[in-house]
Amino acid sequence: MAKRAAVQNGAGTPRIVFEDVSKQFGKNIVLNELNFNVAKGERVTLIGPSGSGKTTILRLLMTLEELSGGYIYVDGDPLTHKKNDTGKRVAMKTKEVSAIRKRIGMVFQQFNLFPNMSVIENVTEAPIHVLGQSKDEAREKANRLLDQVGLGDKAEEHPTRLSGGQQQRVAIARALAMEPEILLLDEVTSALDPELVGDVLGVLRDIADTTDITMLLVTHEMQFARDVSHRVMMFDAGHIIEEAEPDAMFSDPQHERTKKFLQAIL
Amino acid sequence: MAKRAAVQNGAGTPRIVFEDVSKQFGKNIVLNELNFNVAKGERVTLIGPSGSGKTTILRLLMTLEELSGGYIYVDGDPLTHKKNDTGKRVAMKTKEVSAIRKRIGMVFQQFNLFPNMSVIENVTEAPIHVLGQSKDEAREKANRLLDQVGLGDKAEEHPTRLSGGQQQRVAIARALAMEPEILLLDEVTSALDPELVGDVLGVLRDIADTTDITMLLVTHEMQFARDVSHRVMMFDAGHIIEEAEPDAMFSDPQHERTKKFLQAIL
Amino acid sequence: LSGCGGSSGGSGGSGTTVSSLKKAGKVVVGINGENPYSFIGKDGKPDGATIALDKAVYKKLGINTVEAKKVEWDALIPGLNSGQYDEVSAGMSILPDRCKKAAFSYPEITYETALLVPKGNPKNLHTMQDLKTKKVNLVTENGAIEQGYAKTMGIQTQTVGSPEEGLQAVENGQADVFALTAISLRTLVKTQKAEGKVEVTKAFTASVGGKLQIGAGAAVFRKSDKSLLAAYNKELKKIIDDPKQFNAVVGKYGFTEAERPQGKTTDTAYLCSGKLPDAK
Amino acid sequence: MHASVTWDWSIAHQAFPDLLKAFLQVTLVVTVAASILSAILGLVWAIALRELPVVLSRLLGWLLGVIRMTPLPLQLLIVTYGIVTPRGWLAHLNGPDQLRHRLMIVGIVVFAVHYSTYMAESYRAGIESLPKGQWEAATALSLPTKRTWRAVIVPQALRATLPSLGNWAIAMFKDTPYLLAISLAEMVSEARRIGGENFSYTEAFTIAGLIFLVASYPTAILMRRLEKKLAY
Amino acid sequence: MPDLSSIAPSGVVSTLQDNWHNLLDGLRVTLELSVFGGALAFVVAVLLGLASISRFAVLRGISRVIVEFFRGTSLVVQLFFLAYVTPVAFGWGSHLLLFGIVALGLNYGAYGSEVVRGSLNAVPPGQWETTTALSMPWITKIRRIIWPQAWALMLPGLNNLMVMLVKGTAIAYFIGLYDLTYVSDELRKGGADMWTVYGIAFVIYYFAALAFSAVLRRLEVRAQRRLGIRPSKSRTTRATAEAVA
Ligand SMILES: Nc1ncnc2c1ncn2[C@@H]1O[C@H](COP(=O)(O)OP(=O)(O)OP(=O)(O)O)[C@@H](O)[C@H]1O
Ligand SMILES: Nc1ncnc2c1ncn2[C@@H]1O[C@H](COP(=O)(O)OP(=O)(O)OP(=O)(O)O)[C@@H](O)[C@H]1O
Ligand SMILES: [Mg+2]
Ligand SMILES: [Mg+2]
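Chains as they are written, first to last, in the working numbering: chain A, 15 to 280; chain B, 15 to 280; chain C, 237 to 516; chain D, -13 to 218; chain E, 93 to 337.
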């Protein structure tokens, strides 16, 4: 699989900026003044031991968790908090947050399809009710997406009738239907039976190959990470302890912790 | 581990006799006129693919399922049904069933300890209330058994505080406290974290080595089966398609199905 | 939805007046279902002495229909004030406490108390004083005047919500005696065909705390409905003060000249003041 | 003009002690006694539903359903006037106190039976939520049925059911005014008497409502806490 | 207006013959209370239930106070209060049937709101999070995703409450509404055979409750089939007990 040249990291406005991001649950400080950027069209894989904060980063970006400190910018726009004129940190208005959030899509480990809707309704729901697309327009696009994920014939099916792999592919189509600029993927294959993993990864590879969508992904499928991502960031206890192009990272990790982690996982 | 000579299979009254045993759930015929014997002191391992009826056999013997047809004898006594004088099949009385059932003990995949009792109460409950032992007598014996399974210091602990492996060892002690002639073990290690399996198997090996108890076991731990059992029976779709001493069975399976199964599992 | 209550005059801001009743074409009165004062007859229509008085009075005022809503005795005045009906038509006796909460009309009827006891009067009860000295199980109607007597005299009572229940309590032995106005008790025994089991003692004017409980019953209105009360009184007085008319209207319910208010018992204000003559 | 909002403190002062007395002497006693009794009965039903032969179990289930789906006030009337009174059990008593005690017993029994049908449902849910393995382990140890219930099932089911039982008891507490149907002088009946005597229901009913609130709300919170605490 | 004065002790048939119109009147009031009370309760339950999961603390607080007030003070007390105190206090006149409906509606609405709230919260967190990930506005999220799923979960609990409400209408007779219980009690006082009149009322209540329950049960089956789920019975029983406490 041909990986296109990594987008020039740092040139132009970065798509995503984490600035001094902190997050704590109760007394448990999970992220402490974390800083990193992701360029437009860049695909970044987050790796690291359990509890290192990978999921938390994606959820903060998706506004599923409240930021404890710092700022996140998307295309230069503050997501949930901004510095006001006097340099004080203030929360954004709900409306502003939601406008920016629309540029981000997420696929969860547990598919989370809506059981009260057919497959196609799952995919068209948000385009119709959030983007205000017409029903026909949304359905046409949804059918195209379902074809793309190999489920063109399941449009009218009920999600509970599908296998886990099929459900996850619908979830991907649903996220893509919103035409996000950023796609977040959190261990999207780890709830699947081994023989179903391949199909889902195939779909994601296809998306990586054919679009310029910026991706942040958490995965334990190292071969897949190697194939699709431009950069791998290794986390431990909420800190980036190493980052590199995937080939370099997997064949020649620098940090002790990374070596140990990769040994255990590969 | 020295395996004692297999007890002469077939000499004297067999401990367990399955005679034309049938079992169906609704329309699903799981066992169809199954016949086999187990000798006194013999240890038999049942293997076979999922759904082949292994668990059903143990549950029938433990009277947890109702027999659909045929007879089961324990030491020559009918367990749940007998032929009456005119050769008709009639159900035994509850009292008679329970008298014979007392000779059989079972350990489950899911431990099934009583969470409302301490460890020692779990072990002494049946001896006191079924065998009519005095409380002191039962406790003394229970302590010995708990020592034997390596949990002498956990007697007063609450079962939910124990690890899975410890819980399973308590369950084994609980079954042994009834001094059963027959012990049924259904995948007793498959709900355990890998590092806890060893302890439980160690305890069972110890019991196999030091007692004459007749055992019927279902397990995927082939090395263990090889070490402790006198005979292995391979099931498929409710039929015994092959049986042999473990060494012979594992090193030189005759039947195609067995070969395929062992390949997949080893 | 069909309302079962609801005062006919409309209970908006301005209160009920003769003209608002006229417009509605009817008046709804609250009753306790106590024969012969006011009760629901066999035909499902209200009947009884005070109903007859109402009918006569309202007719003169140009209102031809009198409807009744039956409630428990103790709820009569609260029901009036909460607008469930526009008048209490139950021969309710005029008492100071009640006068504070509602407006009484010109007296309609005087009455005496009697006791309902098992046949043969086994405990030999005749006066309120007997009830106190003999420590019997007394039933009264909740909120009725006899309950007040008992309370003042320190006699424990059970209470019931209707005369029938009082009768039943005596009949099945739950109580030894049921105290109520004499006419009510007599009628009760008759209509319930209970002569075989119970009897009514001779009527008496109760004496409580050394005071003779002379009393008279009247129709009751909301304090705010002053003009209605005045109009009602004007017509009522004509009937009450004329023995012939009085007899013509209520005679058939067993009321006689003895029950026609005269002298002090025609003075609502006096009765409201609570001053009572000394018992001899 | 209508009478405006009136609150007469003298009525309130007179009402409060009477209401509190009725609350303590009748409402509370009936609630506590009926709760305990219905918790026991409910358990009996739940066990019987599982242990009786199918036909009898069905019949019992139907009967409990009938009781559960018909009004409690009507049941009070039926028992009082249809069963108790004809047997003379309320007759020839030594004064109102004795009558009150007997009516309380009637009330307690009717409330207990009625609510036991709800409690039986809760027990059943609690029993069904136990893993099947608990029954199977008991069988594998040859524990007799009685002992299985006593030592294994009931203790665990009770733990799962206790908050629900408590909640039903609170519901029952708030239903005690149904005793008005049989003229038992519990708190609301007293409020009515006081209201009737003073021709004003405002004070007595406000106080009665507050007493209900003050008694039931903290108890309900307690039950919610208990629920969290008892979860294994 | 019941005609209750001319009843002689008699058999079921003749009692029915003599009094069927009274009983029918009583049944009509009982059914009006059940249907309108149930409908109001449903509306109240949904509004309070939604308010209780609102983003706005004020709404949550208000809903909490209302719910706890109506749950905490007995329905009978509320009924008397509405019938005897509020007309004096607010001068809005007396409308007993309406008061009955309002008391039942508010009280059972408060109970129901607990079932609604519990069911909304029982929709898996993943569903809520997905609606956020798809940037759905609050209304869309509730209306299109959460409510349809919660609906299937709440129906069994609401069904239990509806049966309780139908039975609960019997207390209307305490304020002198001529409902089925009032009529049969008057008939008994009037001398009719007590087993007969109460028996008839008993049977009518039973079948009324069954009928309401059956209707809701059909909705329940439909909602569950659409989602391909089966809510747990033990959860329902627990939730009902919690709601009415
Ligand atoms: N909702 C929460 N409440 C409290 N603590 C939380 C919550 N979510 C996450 N945490 C804590 O935050 C830390 C980081 O969790 P996170 O899920 O981000 O890790 P992760 O890197 O995704 O791990 P994994 O590989 O197991 O998914 C952990 O210590 C976790 O316990
Ligand atoms: N309670 C039951 N009701 C209906 N069918 C059952 C039941 N228990 C077992 N079966 C069916 O009986 C067949 C045999 O099941 P059994 O559990 O004995 O297989 P097994 O050999 O133990 O399989 P495994 O290795 O998966 O434990 C299966 O088809 C199963 O679906
Ligand atoms: Mg994670
Ligand atoms: Mg098995």
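Honestly, the hints are just simulated from the structure, not real lab data.
Keep in mind the model is a prediction, meaning the values are calculated, not measured.
Every residue gets a Cβ at the ideal spot worked out from N, C-alpha and C, and that includes glycine.
It is possible that some hints are incorrect.
[Said to hold, decoys possible] The calculated EDC-like cross-link candidates involving lysine to aspartate or glutamate, where the alpha carbons are at most 20 Å apart (straight line), are: (1) K109/B <-> E37/D; (2) K278/C <-> D110/E; (3) K107/B <-> D83/D; (4) K155/B <-> D167/B; (5) K336/C <-> D83/D; (6) K107/A <-> E135/A; (7) K429/C <-> E124/E; (8) K116/B <-> D(-6)/D; (9) K387/C <-> D83/D; (10) K102/A <-> E195/A; (11) K109/B <-> E122/D; (12) K337/C <-> E183/D; (13) K116/B <-> D99/B; (14) K118/D <-> E79/B; (15) K426/C <-> E407/C; (16) K359/C <-> D477/C.
[Claimed, not checked] Chain A stretches covered by chain E per the calculated footprint, using a threshold of three residues with CB under 8 Å from any CB of chain E: (17) 37 to 45; (18) 201 to 215.
Hint check:
Between the alpha carbons of K109/B and E37/D the distance comes to roughly 16 Å, so the proposed pair stays at or under 20 Å and holds. For the proposed pair K278/C and D110/E, the alpha carbon gap of about 12 Å is at most 20 Å, so the pair holds. A hinted pair counts as satisfied when its Cα atoms are at most 20 Å apart, and K107/B with D83/D does not qualify at roughly 56 Å. For the suggested pair K155/B and D167/B, the alpha carbons sit about 14 Å apart, so the restraint of at most 20 Å is met.
A C-alpha spacing of about 32 Å is found between K336/C and D83/D, which places the hinted pair above 20 Å, so the restraint is violated. Taking the CA atoms of K107/A and E135/A, the gap is about 30 Å. The hint is violated against a cut of 20 Å. In summary, the hint linking K429/C to E124/E is not supported, as the alpha carbons are separated by about 37 Å, beyond the 20 Å threshold. Proximity of K116/B to D(-6)/D is assessed by CA-CA distance (about 76 Å); at most 20 Å being required, the pair is judged violated.
Taken as a hint, the K387/C and D83/D pair is honoured in the structure, with Cα atoms around 16 Å apart against an allowance of 20 Å. Restraint check for K102/A and E195/A: the C-alpha separation of about 29 Å exceeds 20 Å, so the hint is violated. Between the alpha carbons of K109/B and E122/D the distance comes to roughly 18 Å, so the proposed pair stays at or under 20 Å and holds. A hinted pair counts as satisfied when its Cα atoms are at most 20 Å apart, and K337/C with E183/D qualifies at roughly 11 Å.
At roughly 26 Å between alpha-carbon atoms, K116/B and D99/B are farther apart than 20 Å, so this suggested pair is violated. Restraint check: the Cα-Cα separation between K118/D and E79/B comes to about 13 Å, which is no more than 20 Å; the hinted pair holds. Of the supplied pair hints, the one linking K426/C and E407/C holds, its CA atoms being roughly 14 Å apart against a limit of 20 Å. Distance check on the hinted pair: K359/C and D477/C sit about 41 Å apart at the alpha-carbon level, beyond 20 Å; violated.
Here's how the segment 37 to 45 of chain A fares: 0 of its residues keep a CB closer than 8 Å to some CB of chain E, so the rule of at least three is not met and the hint is violated. Interface restraint, the segment 201 to 215 of chain A with chain E: violated (0 residues with C-beta to C-beta distance below 8 Å; minimum three).
In this structure, the hints that do not hold are numbers 3, 5, 6, 7, 8, 10, 13, 16, 17, 18, in rising order.
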